[in-house]
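Novice: Chain by chain, the residues:
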Amino acid sequence: MHFFTELGRYLLMLKGMFSKPENMRVYWKEFMHQCSEIGIGSLGIVIIISFFMGAVSAVQTAYQLVSPLIPKASIAQVVRDTVILEFAPTLVCIVLAGVVGSKIASELGNMRVSEQIDALEIMGINTKAYLVMPRILAALLVIPMLVVLSAFLGVWGGRIAGLGSGILSAYDFDKGLLQNFVPYNVFFSLTKAYTFAFIISSIPAYFGYHVKGGALEIGRASTRAVVISCIMILFADYVLAQLLLGNPSG
Amino acid sequence: MIEFKNIRKTFGDKVVLNDVSAVLQEGKCNLIIGTSGSGKTVLMKCLVGLFEPDQGDILYDDVNFSEMDEEKRKEMRQQIGMLFQGSALFDSLTVEKNIMFPLNMFTKWTYGEKMKRVNEVLDRVNLKDANKKFPAEISGGMKKRVGIARAIVLNPKYLFCDEPNSGLDPQTSMVIDKLIQEITSEYNITTVVNTHDMNSVMETGDHIIYMYEGLKEWEGSNQDIIFSKNEKLNEFIFASNFLQDAKDMRMLEAKGKIDNNRNMDELLK
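Sequence lines, in order, name chains A and B. Sequential numbering of the first sequence, starting at 4, is according to the numbering used here. Sequential numbering of the second sequence, starting at 8, is according to the numbering used here.
Just to be clear, a hint being listed does not mean it is correct.
[As the list claims (entries may be wrong)] No farther apart than 25 angstroms at their CA atoms in a straight line, the calculated lysine-lysine pairs in the BS3-like style are these:
| hint | chain 1 | residue 1 | chain 2 | residue 2 |
| --- | --- | --- | --- | --- |
| 1 | A | 32 | B | 104 |
| 2 | A | 18 | B | 81 |
| 3 | B | 79 | A | 18 |
| 4 | B | 140 | A | 106 |
| 5 | B | 52 | A | 131 |
| 6 | A | 18 | B | 52 |
| 7 | B | 104 | A | 106 |
| 8 | A | 23 | B | 21 |
| 9 | B | 139 | A | 32 |
| 10 | B | 115 | A | 131 |
| 11 | A | 215 | B | 21 |
| 12 | A | 215 | B | 52 |
| 13 | B | 81 | A | 131 |
| 14 | B | 79 | A | 23 |
| 15 | A | 23 | B | 140 |
| 16 | A | 32 | B | 115 |
| 17 | A | 23 | B | 115 |
It is worth saying that the hints were derived from the structure and are not from the lab.
Bound conformation, chain A alone (with noise of 0.2 angstroms):
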């Protein structure tokens, strides 16, 4: 009961952001400043992880692969699937859940309880639509841009870790990148990352902008986001999976 309850609430929040802003510019404003606080915010952890996680998954290939019949050129190949594929969007979407959505959520649950939402609902202004919705759009553009800059620093990240290591020389490397490369693929990279941004920024705004008490609640409501923006990532990861590359043969 308390799910459809909170679910309900959700669904009104979302819908009453739709509303003619009371001054474009102000919002527009707003928007480009959250676009550079989720986008510029977020920019060196997403450098460091994708970076990584393209030498790691090198790495781990290499020592899977032990046959001498797989050619060397399949590393590469592996890792420029794997990180297109799940490294990064759903491994940047959960870290950004992390960053992203524990800022959004207690931001908004900070301005809750110190009354700034109330000032601005006195002022006559919708807070709903200046507040959330700015949040959602700019993770809605700047994520996916985050994620496609994660999977080029991803195989970069493979192709300097492969070479460095001596386990494939860098003409191998650029030869198994461009093995059966599936364009398809980048779509459903991309259709995760708009997913994810939705939920790492509607699920943290609609705990931050529901708060009620003090700074304990702000924390739990922050914890609480990020936890849950975590595990709808996952689940929708599973979904939009079975969804757009389940039964392959079929």
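Guided by the hints, dock chain B onto chain A, whose structure is given.
Specialist: Chain B in isolation, oriented as in the chain A frame:
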């Protein structure tokens, strides 16, 4: 003029407001007083539309606020300014940007015009050289003054102040009270103040509503309060010996037994 009729508000099983009605005086300082938990904050939040009453009507100039649609409410709210207990300033914006925020949202003025208005209201609340400071860098009293400046920047018809003196020292409290009183008469605003500061009650209360356990227990002015026979009100207002003595002095003064300005020294000898 603000009028509310038969307001009832419950949270779960708890009745917080029970059939509360009153008319708030136009262009005056209306005070809602009462102990913590008496329902005064809930009443104020119902009046500004932050809470929906379960029952009853709220009328602004005879227009029913409870029956307005979202768009009409938005328009109405632009005539309302509110000072919150914790000031509710936007942490990420400077003092200047905080005050400019409603202007950015609701006017098409140029930057120069907006700055002019911001400086006007900052001057009015006696805050100079604080434009570029962030809320975290200013004192509690200054935050309240910035809150007032932001509330009046759009020239509202109604000003609501939720416990404007909470967390302030007596001297700063008096400055804030005086400011609210001056702004009320200067701009002819209908002001509603939620307080349990006795100095505010005696100094600024043109019209006072005393709330007790969700009911309106007493209504009158700061002159009437001295002579009130309402036991609950007297217990609340004159809770300490000091305040009781102050009341006795005021009564003697009112009856002409002492002249507070001239013969106090004589009497004290």
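Novice: List, from low to high, the hint numbers that the structure doesn't satisfy.
Specialist: 8 and 15
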